[in-house]
Amino acid sequence: MGDSQYSFSLTTFSPSGKLVQIEHALTAVGSGQTSLGIKASNGVVIATEKKLPSILVDEASVQKIQSLTPNIGVVYSGMGPDFRVLVRKSRKQAEQYHMLYKEQIPVTQLVRETAAVMQEFTQSGGVRPFGVSLLVAGYDDKGPQLYQVDPSGSYFSWKASAMGKNVSNAKTFLEKRYTDDVELEDAVHTAILTLKEGFEGQISGKNIEIATIGPEKIFKVLTPAEIDDYLGEVE
Amino acid sequence: MSIFEYNGSALVAMVGKNCFAIASDRRLGVQLQTIATDFQRISKVHDRLFIGLSGLATDAQTLHQRLMFRHKLYQLREERDMKPETFASLVSALLYEKRFGPYFCQPVIAGLSDGDKPFICTTDSIGAKELAKDFVVAGTAGDSLYGACEAMFKPDMEPEELFETLSQALLASVDRDCLSGWGGHIYVVTPTEVKECTLKGRMD
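Keeping their order, the protein sequence lines are chains A and B. The letter at position 1 of the first sequence is residue 1 when you use UniProt numbering, and the numbering goes up by one with no holes. The letter at position 120 of the second sequence is residue 120 when you use UniProt numbering, and the numbering goes up by one with no holes.
One or more of the hints may lead you astray.
Stated by the list, open to error - Sample of chain B residues at the chain A side, in silico, Cβ under 10 Å:
| no. | residue |
| --- | --- |
| 1 | R77 |
| 2 | E78 |
| 3 | E79 |
| 4 | R80 |
| 5 | M82 |
| 6 | E85 |
| 7 | T86 |
| 8 | F87 |
| 9 | A88 |
| 10 | S89 |
| 11 | L90 |
| 12 | S92 |
| 13 | A93 |
Simulated from the structure, these hints should not be mistaken for laboratory data. Glycine included, each C-beta is placed from N, C-alpha and C at the ideal position.
All chains, please: the whole structure from these sequences, using the hints.
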């Protein structure tokens, strides 16, 4: 197709109606480490692989799952540095909302504003799209929610979703095992099993990250010891 | 004459049992000349939230327009009405934006919060919130209103008694203030209905 002639500039449509740079950004996401999220009846769990480039890296210093507010957290697949920029911007937006309204920002509003930032970078001159897809997990007055945000700025609410390298296997696995009334504890087990499906090597509390948010509305990243306990239960 | 006394106003809100009432006078003046006797100082933000703006009428109008703008956008984005506490924080933020060139208004905010709990609050012209459990007052008749409300207020009044008490307090106070009066507007709000009445007082 004549698409390749239009792939240099983000702000030019190709004849097939695509923005080729965004397609490339999605490819960058697709080759990132697997991450997934599951919405339970009483909470949300998000998890990701934490494959480090060498055993010499201090794994305790790497934290791929971040909280945006006390009741909203996020995980990504794709380019880590781009993720850090988005986390920073989202945290600022959440705080600005709180400063104005003295109320915690609802999950949908924060997702919408983060997606708007990502969209800005697809329609401005001299910038490139973010090379990450985000999974935002939160618990507010509307209950537990899980959103995926793509480099194009589109966002979707999911009951369960996966991104990154192993996405098709992981999604098939989740489709089979997901039920609407699954509880948070079971959802954590399902998340671990899904990660295990495509995991190369021995899974342990040091090479995956899991975070949950339950009815008490506090976003919590599990410690490696807690992850090992769950792994023990799953065996 | 101070800028806050240019147009003249009287505003008061009072808490009852699972209800609240907010009342204002109806005079709009230019210093000592009366221009209108049917001026609306209180407006509805939504069915469970009212705001009254005392002070300079032009600033009250502009501030009101800005607040309605913000609230309508909030309703569209968040698909819900603003809680009274949230609205009060918004009013406070908007007023403080103009810290060194303020709106010459004193707002009175009254609404029903979660669980049908009545919420009233006033702020000064640069956004310092004052939450109260019984009543809040504003306007040129403010000092008289404080006295009248303090004397007549009882906790947990039913809507009918609250209406009587607030009407009497308002009419008594504006009679001691030459810049406010010419009757009154009163809204009594319960979880199920909003009652709006016009009061007849001394027409001077």
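Chain A contact restraint on B:F87 - CB to CB distance below 10 Å:
At about 9 Å, which falls below the 10 Å cut-off, the nearest Cβ of chain A leaves the hint on B:F87 intact, so it holds.
Verify the interface restraint on B:T86: the C-beta must sit less than 10 Å from at least one C-beta of chain A.
holds (5 Å)
Regarding the hint that B:E85 lies at the interface with chain A, is the smallest CB-CB distance below 10 Å?
Since the shortest Cβ distance to chain A is 7 Å, the answer is holds.
Restraint check, 10 Å cut-off on beta carbons, for B:A88 near chain A
holds (8 Å)
Given B:A93 as an interface hint, is the shortest Cβ-Cβ distance to chain A below 10 Å?
Holds. Min distance 5 Å.
Can you verify the interface hint for B:S89: is its Cβ closer than 10 Å to any Cβ in chain A?
holds (4 Å)
Proposed interface contact between B:L90 and chain A, which counts if any beta carbon pair is under 10 Å
holds (6 Å)
Against chain A, run the beta carbon of B:S92 and see if the smallest gap drops under 10 Å.
holds (9 Å)
Does the CB of B:M82 sit less than 10 Å away from some CB of chain A?
holds (8 Å)
Let's test the interface hint: is any C-beta of chain A closer than 10 Å to that of B:R77?
Nearest chain A Cβ about 7 Å off; hint holds.
Satisfaction of the B:E79 interface hint, Cβ to chain A closer than 10 Å
Holds, about 9 Å.
Per the CB criterion, is B:E78 less than 10 Å away from chain A?
holds (6 Å)
Violated hints are absent here; each numbered hint is respected by the structure.
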